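Chain Z is fixed; fit chain W onto it per the hints.
The lines below spell out each chain.
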Amino acid sequence: MTAPAQMPPPPPAPGYASPIPVVRTHLGHALASEWTKIKSVRSTVWTLVLMFVVTVGIGLLFAVALASDDYVGWPLLAGGFFGVMLGQLCIMTLGVLVISSEYGTGMMRTTLTACPHRGRVLLAKTVVFFSLAFVMTLVATTLTSLIHSSLLGDQDIPHYAVQDPYMEGSIENGELVATAGHWMGATVGASLYVSLLGVLGLALGALLRHSAGAITTLIGLVLLPLIAAMFMVGDSMETAREKLIEYSLLNGLASLYRLPMEGDDTATGWPLLGMLAGITVAALIGAYARLTSTDA
Amino acid sequence: MIELSELTKRYGGKTAVEGLTFAVRPGVVTGFLGPNGAGKSTTMRMILGLDRPTSGDVRIDGKRYDQLPEPLTYIGALLEARSVHPGRTAYHHLLCLAQSNGVPERRIGEVLDLVGLSGVARKRPKGFSLGMGQRLGIASALLGDPRILMFDEPVNGLDPEGIHWIRNLMKQLASDGRTVFVSSHLMSEMALTADHLVVIGQGRLLADTSMARFIEENSRPYVQVRSSDPERLRVSLADAGLRPVPQPDGGFEVEGVPAARVGEIAAANGLVLHELSRRQASLEEAFMRLTHGSVEYQAREG
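Read top to bottom, the protein sequences are chains Z and W.
Residue numbers for the first sequence follow the numbering used here, so the first one is 1 and each next one is one higher.
Residue numbers for the second sequence follow the numbering used here, so the first one is 1 and each next one is one higher.
Among the clues, some could well be false.
[To be verified] Lysine-lysine pairs mimicking BS3-like chemistry, simulated, CA-CA at most 27 Å apart: (1) Lys39(Z) / Lys126(W); (2) Lys171(W) / Lys63(W); (3) Lys39(Z) / Lys123(W).
[Claimed, not checked] Covered, in the sense of this in silico footprint (three residues per stretch, anywhere, with C-beta under 8 Å from a C-beta of chain Z), are these stretches of chain W: (4) 39 to 51; (5) 85 to 91; (6) 97 to 105; (7) 167 to 180.
Quick caveat, the hints were computed from the structure, so don't treat them as lab data.
Since this is a predicted model, take the numbers as computed values, not measurements.
Glycine residues also receive a C-beta, built at the ideal position from the N, C-alpha and C atoms.
Isolated chain Z (complex conformation) (with noise of 0.2 Å):
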């Protein structure tokens, strides 16, 4: 009688074996890794402190020029718009740069090899750059609206003023005062606008994939707008341009300040705000796309 045939014995694991724990890696890791991305590159930091710098400083000269002068018509916070406009720039070369800047070093073969997950990258990009821009825009604009409320707060109000419809909530016991809209336009809602307008470039980035190319383009969705309305003269065109105007994304951020460039006096800017994150989205799964389809 033989024994019973032995079972061999299973093949050794092929291969070496690392003592590294092995983990299961999830959007967590990538947010982790963009951070450090985002914070250990100088452009990084030196864009922030000059969209820092520029925001708050005109803002202040603003604040000053207008303290020390007759009242001008205009709502307690609205001379923070000034610096926001220039500061976004910054905010905007930030976003795309974020990505672009990958593609131009080749950095981004490195990102796809550590994380073969496309959407994953894009999608940890996304939130870090607009979580770093929103709260350091907030930052930024409150600083700046605080200014304004305290160096303007106690201006006399002439008596036309009382009339304008823009001015509605702005005055209160003769007195110029900012309401609780006017206060979360001029900080979160000016914010937003700004960090929005970053993500859009962050998408023009990944869509473009060049550095010049996405920050033109994005500067020129911007002004573009407002451009082209300057030049359409004339009667027949009046409507075209005043839309033009209307739904331009620079009188959105304008709007939030209670600036309306054209259309409703008492427009809020939140609207425009909206179609921004629509467009901004729109872009961002264009991205996505292109992302996943195409080779790195």
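Just chain W, lined up with the frame of chain Z:
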């Protein structure tokens, strides 16, 4: 183990890689050889899921690259040129990679030490020499202590000491039981490091063989002989049953015979010899013969 099956990549009408089928096995260094533009980098990018094959399939231990749950601990790759942001320090470059795969941070110090970059960990790669950039790329590849390593032209830009170091490193990694796949366009380099050889030309597989076999088949010894009377020498050698191959300088190459025998034949026929030497075809020549006709950018002679 890396397995390619019928891997094909076309860019528009141009075919970069066509019907590649081979496997890269653990425990040995596999050399991936081909002239410039043969499709080596394209193939490596497809293995890493960076480029999508037009048709065919690549599997890494049976999985597609994007199905690997923790890619860096599975496969580490040194990609062509520098794939780093020049403004991010070596340490932070490795940190963001480690974080993306949950690799413990202590590995950063270990791999920097291993490649000899500890001293410049806090420096930005824009000031790095080609060799230092290459070492940083190798550090990234080793970060996850992966079981498969892929190096695209790793000796590019390294000094002789660096070349020596990387050769030993690759052998060491293979002897750990890892799969090591390394591309090069230099046969002489591969002869020193690779145990197995995959040769491609214009995107097609030309050879998939062990190094020993390749050497045996391609470096046959021959005898070089030259006389003042080439015609009589040719006839005498042919009469003795040999096959002299005429050379441009008037001499002959004769295979499969000791030099002494050629000398004896010449003496028996009263011929004056100007040269009689034993030669061996170099592997470089064998490689050139193999890939001739599939070299994409060929310099014209004359």
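Hint-by-hint comparison with the structure:
1. Lys39(Z) / Lys126(W): This hinted pair holds, its Cα atoms lying about 17 Å apart.
2. Lys171(W) / Lys63(W): Holds. Lys171(W) to Lys63(W) sits at ~26 Å (cutoff 27 Å).
3. Lys39(Z) / Lys123(W): Measuring from Cα to Cα gives roughly 15 Å; hence the hint holds.
4. 39 to 51: holds (count 5)
5. 85 to 91: holds (count 5)
6. 97 to 105: Satisfied; 7 residues make the cut.
7. 167 to 180: Contact hint for the stretch 167 to 180 of chain W vs chain Z: holds, 4 residues under 8 Å.
Figure legend: structure checked against the earlier numbered hints; every hint is met.
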